[in-house]
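Trainee: The chain contents come next:
There are 2 protein chains.
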Amino acid sequence: MSVRLSAPLAADLLPVAGVRLGVAEAGIRKANRRDLTVIALAEGSHVSGVFTLNRFCAAPVHLSKAHLAAGKGIRALVINTGIANAGTGEQGMAAAQTTCEELASQLGIEADQVLPFSTGVILEHLPVERLVAGLPVACADLRSDAWFDAAHAIMTTDTVAKARSMQISLAGHTVTLTGIAKGAGMMKPNMATMLSFLATDAAISQKLLDALLHEVADQSFNSITVDGDTSTNDSFVLIASGASGAPEITDTASADYATLRAAVLEMSVWLAQAIVRDGEGATKFISVVVEGGADRAECRKVAYAVAHSPLVKTAFFASDPNLGRILAAIGYAGIEDLDVAKLKVWLGSRGEEVLVAEQGGRASSYVEEAGSRIMQAEEISVRIALGRGVAAATVWTCDFSYDYVKINADYRS
Amino acid sequence: MSVRLSAPLAADLLPVAGVRLGVAEAGIRKANRRDLTVIALAEGSHVSGVFTLNRFCAAPVHLSKAHLAAGKGIRALVINTGIANAGTGEQGMAAAQTTCEELASQLGIEADQVLPFSTGVILEHLPVERLVAGLPVACADLRSDAWFDAAHAIMTTDTVAKARSMQISLAGHTVTLTGIAKGAGMMKPNMATMLSFLATDAAISQKLLDALLHEVADQSFNSITVDGDTSTNDSFVLIASGASGAPEITDTASADYATLRAAVLEMSVWLAQAIVRDGEGATKFISVVVEGGADRAECRKVAYAVAHSPLVKTAFFASDPNLGRILAAIGYAGIEDLDVAKLKVWLGSRGEEVLVAEQGGRASSYVEEAGSRIMQAEEISVRIALGRGVAAATVWTCDFSYDYVKINADYRS
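Chains as they are written, first to last, in this note's numbering: chain B, 5 to 417; chain C, 5 to 417.
Calculated from the structure, these hints are not laboratory results. All figures in this text were calculated on a predicted structure; none of them were measured in a lab. Treat the hints loosely; a few may be bogus.
[What the hints assert, rightly or not] Here are the simulated distance ranges between beta carbons:
no.: 1; chain 1: C; residue 1: Ala137; chain 2: B; residue 2: Trp274; range: 32 to 38 Å
no.: 2; chain 1: C; residue 1: Gly338; chain 2: B; residue 2: Ser369; range: 37 to 43 Å
no.: 3; chain 1: B; residue 1: Gly393; chain 2: C; residue 2: Asp299; range: 41 to 47 Å
no.: 4; chain 1: C; residue 1: Ala137; chain 2: B; residue 2: Glu372; range: 27 to 33 Å
no.: 5; chain 1: B; residue 1: Tyr406; chain 2: C; residue 2: Gly112; range: 52 to 58 Å
no.: 6; chain 1: B; residue 1: Ala15; chain 2: C; residue 2: Gly338; range: 43 to 49 Å
Backbone N, C-alpha and C define an ideal beta-carbon position, used for all residues, glycine too.
Between the sequences and the hints, there should be enough to build the whole structure, so can you do that?
Mentor: So this is what it looks like as structure tokens:
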């Protein structure tokens with residue numbers, strides 16, 4: 005089940021110069037499924053990453069951070085599904101280290117030029133010998149047109165592969181962006197969930213790439229929620245191979261930077277939204293837009309309070325325009341001096357938007373029929389004006405259905 | 005459905021000298037149900053209250069706070085179900101004010117000696133004329149032995165009435181405590197939920213009563229969660245009529261204060277836990293005990309992260325000893341310098357306790373059979389040692405079942 009999310013077509017996913025991908029069946033947790041992906045990068049590629057803040061973060065997260073910090077130039081990524089290698093202590097660190105060493109030896113690079121990623125069951129040990137045995141198979145498979153395969157090989161309980169390509173023009177050169185992501189729940193049952201890899205053959209300085217990554221992550225992957233849980237393995241990696249021939253971008257004031265930034269943002273938002281659309285048990289896709297805040301932080305607080313409320317989410321599942329639940333969530337979001345008399349709330353879908361609350365209560369113009377009609381849609385927006393300033397923030401989420409409980413109560417494969 | 009919660013027997017609920025209660029069928033929202041309760045207090049009673057922090061708090065909450073602050077001596081409480089009088093603006097304030105004035109006139113007291121409380125659907129207006137018409141009926145019904153009736157009259161979608169009495173001895177005088185509560189969800193669908201009234205005929209100074217209320221509320225009603233939502237109307241009121249004849253308690257170092265404090269705490273914890281046991285769709289009662297924290301605040305953060313996690317709550321529903329979900333919730337609770345290697349986690353039930361995690365992963369002594377056996381119980385404890393200090397906190401919650409979604413997706417009566 006997913007909300008208006010189509011599976012990608014292999015032909016729509018464009019190769020990115022300087023980036024090759026290979027997959028293998030390593031039998032990490034189950035036989036006969038592609039569970040190992042290697043991404044090899046041309047020399048000179050710039051790579052930037054953001055990772056989960058969970059204190060129980062996985063061994064590969066620790067190692068990826070360390071390898072990025074080492075600054076030797078990342079040349080490969082390796083991703084396994086099945087086992088998350090989180091909550092595995094020293095043995096887990098050793099397994100991730102071995103993975104990097106073995107892949108480095110295959111590719112003739114250094115171990116700290118490899119970023120490892122794992123997703124799957126936590127508290128179980130990675131069968132590192134089987135993973136290592138799969139590396140030569142994945143390396144032998146390295147091709148530039150394997151994004152479709154990679155998008156599928158990183159899936160766990162996602163119901164639809166998430167992948168997209170775009171092309172832009174920078175200084176007369178055609179530049180390609182292709183990205184893949186996996187999600188399912190913000191944190192799947194035992195699964196450590198959100199991974200996304202976005203590559204371009206644009207050339208951009210490391211410093212600007214880092215800044216771009218953080219700006220974009222804040223407005224995409226850090227603006228979604230399925231169930232409020234934060235995984236042990238969440239990672240978002242931005243790769244710029246520089247192989248397109250376009251000149252390196254070194255100035256945030258340049259037109260090229262603006263063009264690249266817009267494309268990276270669009271791709272990232274699309275991939276992040278795709279994760280929500282394929283959220284566990286999702287039947288509705290909901291945008292919570294908060295504006296008129298004193299600062300972005302308080303807008304995000306309100307948006308997340310609404311997006312996390314089990315009462316709001318079950319009301320969306322039921323297509324019930326239950327304004328009381330939305331107003332109550334705004335009320336407990338933590339803005340101590342919020343003046344509810346200045347607040348306005350609109351519900352929207354399919355191009356229609358209706359004022360539902362103002363002056364501390366139901367809007368006098370509001371009729372329940374309009375709310376009910378809007379709530380039938382698969383995509384719904386809640387717009388909240390706080391009347392305190394000019395800051396804004398948007399959070400995307402899904403509803404809370406019987407299937408969410410079913411998936412999470414039944415799951416442990 | 006409730007977890008090990010028995011309905012009170014009328015004979016077990018003891019009159020509190022100086023406190024009389026009366027109920028009526030006012031037809032606030034539905035006909036033929038008792039939906040109006042008046043509690044009349046002897047002159048000289050001390051009353052203290054804590055209220056929701058929700059910015060969308062109801063009109064009666066505003067008025068109750070103002071009347072307590074006026075300091076004229078509270079002589080009556082009036083509670084209606086059906087309509088919460090929240091999100092109702094100026095009209096709502098006027099309705100609550102009228103309620104107080106009319107009751108005051110019935111009882112020959114001042115309007116600001118009355119505390120009004122409402123619970124029910126929010127965003128709808130209180131039919132104040134029907135409520136006012138019910139007041140003489142409730143006042144004519146005033147009796148000291150009506151706690152059983154009042155416990156039922158304040159229920160909304162609670163499945164079991166929540167009430168209990170205790171007796172203690174203070175300076176040779178028998179002192180009685182009787183309390184009632186209503187809950188159902190931390191915040192019911194459209195309902196504004198948690199109300200509790202605890203009365204004693206002990207005599208205690210206003211200053212000490214206020215301090216006792218805040219201390220007790222923190223360890224009882226402010227230590228429970230059903231779904232993480234905070235209602236617009238939550239209120240907990242402590243009444244000391246002083247009519248027992250026991251001398252007034254004015255010193256926190258006295259033995260009488262210690263005895264009274266212990267009884268009020270025990271009653272409040274029992275009433276708060278009763279609300280969780282009757283939580284929406286609850287099938288399990290869970291105690292999350294966090295110890296070894298640097299301070300109580302961080303212990304509460306961790307306890308609430310675990311108690312709020314939909315993934316943890318669905319695992320309890322499924323009787324699945326899913327340690328990964330508990331560890332992940334601890335990891336994202338917001339303690340930035342948490343050393344997961346020092347953490348220990350135990351699962352317990354029916355007098356048995358098993359170490360399940362230590363040194364950043366599964367405990368080597370842990371076998372899944374032990375976890376599975378514990379998770380079958382209706383009452384389960386999760387004990388978490390942070391290894392950072394000596395502070396501790398406990399939060400009580402329930403599991404997250406199909407019925408939670410069903411109740412909240414179907415509800416709008």
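Trainee: Each hint needs a verdict: does it hold in this structure or not?
Mentor: Now for the hints, and whether the structure bears them out:
Taken as a hint, the range 32 to 38 Å is violated for the pair Ala137 of chain C and Trp274 of chain B, whose Cβ atoms sit roughly 59 Å apart. For Gly338 of chain C paired with Ser369 of chain B, a C-beta distance near 41 Å keeps the hint of 37 to 43 Å intact. Checked against the hint of 41 to 47 Å, the pair Gly393 of chain B and Asp299 of chain C fails, with Cβ atoms roughly 33 Å apart. Range check, Ala137 of chain C to Glu372 of chain B: Cβ separation about 28 Å, and the 27 to 33 Å hint holds.
As the Cβ distance of Tyr406 of chain B to Gly112 of chain C is approximately 55 Å, the hint placing it in 52 to 58 Å holds. Separated by about 45 Å at the C-beta atoms, Ala15 of chain B and Gly338 of chain C satisfy the suggested range of 43 to 49 Å.
Against the hints set out earlier in the document, violations occur for numbers 1 and 3.
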